[in-house]
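A.B. asks: The listed protein sequences derive, respectively, from chains A and B.
Per my numbering, residue 1 is the first one in the first sequence, and the count goes up by one each step.
Per my numbering, residue 1 is the first one in the second sequence, and the count goes up by one each step.
Take these hints with a grain of salt, some might be off.
Because identical chains cannot be distinguished in the list, a pair is counted as satisfied if it fits within a single copy or across any two copies.
[Said to hold, decoys possible] Calculated pairs, DSSO-like style, for lysine-lysine (alpha carbon to alpha carbon, straight line, at most 30 Å):
1. Lys46 <-> Lys31
2. Lys31 <-> Lys350
3. Lys46 <-> Lys350
4. Lys46 <-> Lys260
5. Lys345 <-> Lys31
FYI, nobody ran anything at the bench for these hints, they're computed from the structure.
Number of protein chains: 2
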Amino acid sequence: MTPPTPVQVEDGDLALFTDLYQLSMTQAYWKEAMHERATFSLFFRKLPPTRRFMLACGQQHAAELATRLRFTDAQLASLAGTGRFEPAFLDWLREWRFEGDIWTLAEGTPVFANEPLLEVEAPIAQAQLLESLILNLVQLETVLASKAVRLVMAARGRPVVDFGMRRMHGVDAAVRGVRAYRVAGLAGTSNVLGGLRHDLPLSGTMAHSYILAHDDEREAFRAFARHYPGTTLLVDTHDTLEGVRKVIELLNETPGVDVKAIRLDSGNLDELARGARALLDEAGHGEVRIVASSGLDEWQIDTLIDAGAPIDVFGVGTEMGASTDAPVIDLSYKLVEYAGTPRVKHSPGKINLPCRKQLYRRLGDDGRYAGDVIAMRDEPDIPGVPLLRPLVIGGRVAPREMALAEGARERVRDALEALPVPLRQLAPGEADYPVTLSPGLEALRRRL
Amino acid sequence: MTPPTPVQVEDGDLALFTDLYQLSMTQAYWKEAMHERATFSLFFRKLPPTRRFMLACGQQHAAELATRLRFTDAQLASLAGTGRFEPAFLDWLREWRFEGDIWTLAEGTPVFANEPLLEVEAPIAQAQLLESLILNLVQLETVLASKAVRLVMAARGRPVVDFGMRRMHGVDAAVRGVRAYRVAGLAGTSNVLGGLRHDLPLSGTMAHSYILAHDDEREAFRAFARHYPGTTLLVDTHDTLEGVRKVIELLNETPGVDVKAIRLDSGNLDELARGARALLDEAGHGEVRIVASSGLDEWQIDTLIDAGAPIDVFGVGTEMGASTDAPVIDLSYKLVEYAGTPRVKHSPGKINLPCRKQLYRRLGDDGRYAGDVIAMRDEPDIPGVPLLRPLVIGGRVAPREMALAEGARERVRDALEALPVPLRQLAPGEADYPVTLSPGLEALRRRL
């Protein structure tokens, strides 16, 4: 029997994780001896209609990975098998390394339409080959972090936990998703591999199957609480408030038993949380907290908190993991400069900004973001803080810059404070955040 | 410097790709010496509102993988580090193997609400541990195959090609997505790794960056056509019909040049396709085909074909890759039997079907699907073809059954013929396909 096809993609496979045309164009550049430096800029043209900002996430991850891409002999043999590539080109690919520069926003930076998240500057055959990989990697983490931060905002300080791995699009989405969730400020995840790899606390209770495998719910609670002191018990398998009463019995009758929380996973969460809270408080168990899950999104959390539902922790799965209101952003990776000349595609009704750029953010007197300016990279006298920084120089990661990714969670927390108030609302609205072009960029754009 | 964290998840990492509670419950079963056999059933409760059927996909893939799951020493050390697991349990996990049975539908089977896609029967500590992995793997391929088949239906025989890797949720989604697309009947993919691994022809043209990197569009066309005889040229970088005229000039002026197609990627595709077709035909180049892309979905393809747009090939990305109308299905993996006793959760307003099952599909006199019956596994005298088959027996994959996955593409093609006509419409509608419970299952359900 042949060995089974691997199901997952390893880091070493990623050189072939590209659209065919990237390889075709790269071979064409090679044949035409087009080795001049090119700059590609990563941006999105508009915010999803349900959003007021996005959190840029994944761009440092992607840039670091770009420096590690290599073509193996096995991969080159696969490419040879397609009949599309010349042996001399495949030999050249064997030596291919990314030796250019990558400037990025710090992970967790709030970002708006047309702003550069990342710019790659390298010989064109190096910069072109990164396109598909960068788009895929950055879109995933940006989509997920941008959704998760809405849950965090809606919960107003109460912990939000990721229960979504089963509803996410594949393994990579679920595992790298935890990285994005960490940046966005989630308190924990049920995803063991994701949590261990990306340093987010693990969280989990029990499933209905555990209750059902026992002949009696009471017995199941007793056994689980004995195994896991300080655990959370799932009370809705048969009847939620009956389940709560059984937890109270267990607490009252068994000395030393320690139940930290109960979990509601169905029904009217506001009503059931109040009922459960009342039963627990009457029984003198004010210390037992209430975890709620069951199809929650940011709007439901907002409504539950407005209504005063006594829920202490929110578990969120499907809506966050699939980001159903905005599952994609139209990220573009566009050639903006080649051989020292600005380049731009003419698209009716679309803004395409030529040349290497820098993004400046101004703070108002109140310490809040007052507006952004998109400028030419080296344009002088632009007010504000320059946000694009050189993460990769000459194919090498600058360790100090990479370390900045570590602070992404704190950066997002601070950014949420610094966002103008209208931008922190869940409801969509007119883009009220000023993003302008610098005089130099505006003049260049008009000239082209 | 510490080595970089891997970005991707390898097959060998998948034992930890699970919700924490699966491991907590497994340890609890182990401590309670609950080693009886359990059956878990995989199904969804309702079709997405925009759909009339789903294509079950990924369940054979997932079952095969289950037989290969192992816990490595490094993984066990990580689990030990969480402080949640006893050393003796971790020793037991080191020897953990899936030794049970898995019955599945064949890949590519049309499936309806409440029907079992897969059933796992094993000692409960084996069957429970597969839940999160199976849900994640099967959901992805089922969501993507079910969306892709709509594109194939809309295109009515014209080829549909996957251009979506950059908009999909991560690397695993994009690569395993190609497997689902192959099953659904797509003609090709731009995704090199996905296409090579899952045997779908590679497809690709050029990007706007290639045109822009040249000083002149004409020059770029000439160079690319010389490198790639029979290629497709992207004509919309500056002005689409001007681009077509340049392709015609190239064809007329350069003996031996061979351009198979042009690609339109923006604007009014119907109008531009007619304009391009007219120009090409007038110039005697009726052999040059027209590929269209640019935010297409099944509805737009349907409209373009209805309107008579002379488009020969459709390239589809975002809408298919993110399945924006139905990005998730609410797959459940529920305990239905333990220690020989049927189990069922009481959920107001939900149907939960106890016990091991079989799914039967009846064909009408016209050769079309006439209705399904969900029955107890060994219930006699149920009319129709039994669709669940034993893929894994005693922890071993039955090679003959696994080989059936190879025929999935042909099976889907046949299934589309056999679907009742209303189910083949793109528009949502009342579920008009009869799915009933067998007398035995109905009686058991009432009794519980």
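A.B. asks: I want to check one pair: lysine 345 and lysine 31. Are their C-alpha atoms no more than 30 Å apart within a copy, between two copies, both, or neither?
C.D. replies: Within one copy only: 24 Å inside, 65 Å across.
A.B. asks: Quick one: lysine 31 to lysine 350, C-alpha cut-off 30 Å, is that within a copy, between copies, both, or neither?
C.D. replies: Intra 32 Å, inter 63 Å, cutoff 30 Å: neither.
A.B. asks: When no copy is named, should lysine 46 and lysine 350 be tagged within, between, both, or neither for a Cα gap of at most 30 Å?
C.D. replies: within (10 Å within a copy, 40 Å between copies)
A.B. asks: Should lysine 46 paired with lysine 260 be assigned to within, between, both, or neither, using CA atoms and 30 Å as the limit?
C.D. replies: neither (45 Å within a copy, 35 Å between copies)
A.B. asks: Go through the copies and call it for lysine 46 and lysine 31: within, between, both or neither, with a Cα cutoff of 30 Å.
C.D. replies: neither (37 Å within a copy, 54 Å between copies)
The structure fails hints 1, 2 and 4 (numbered hints given earlier, in ascending order).
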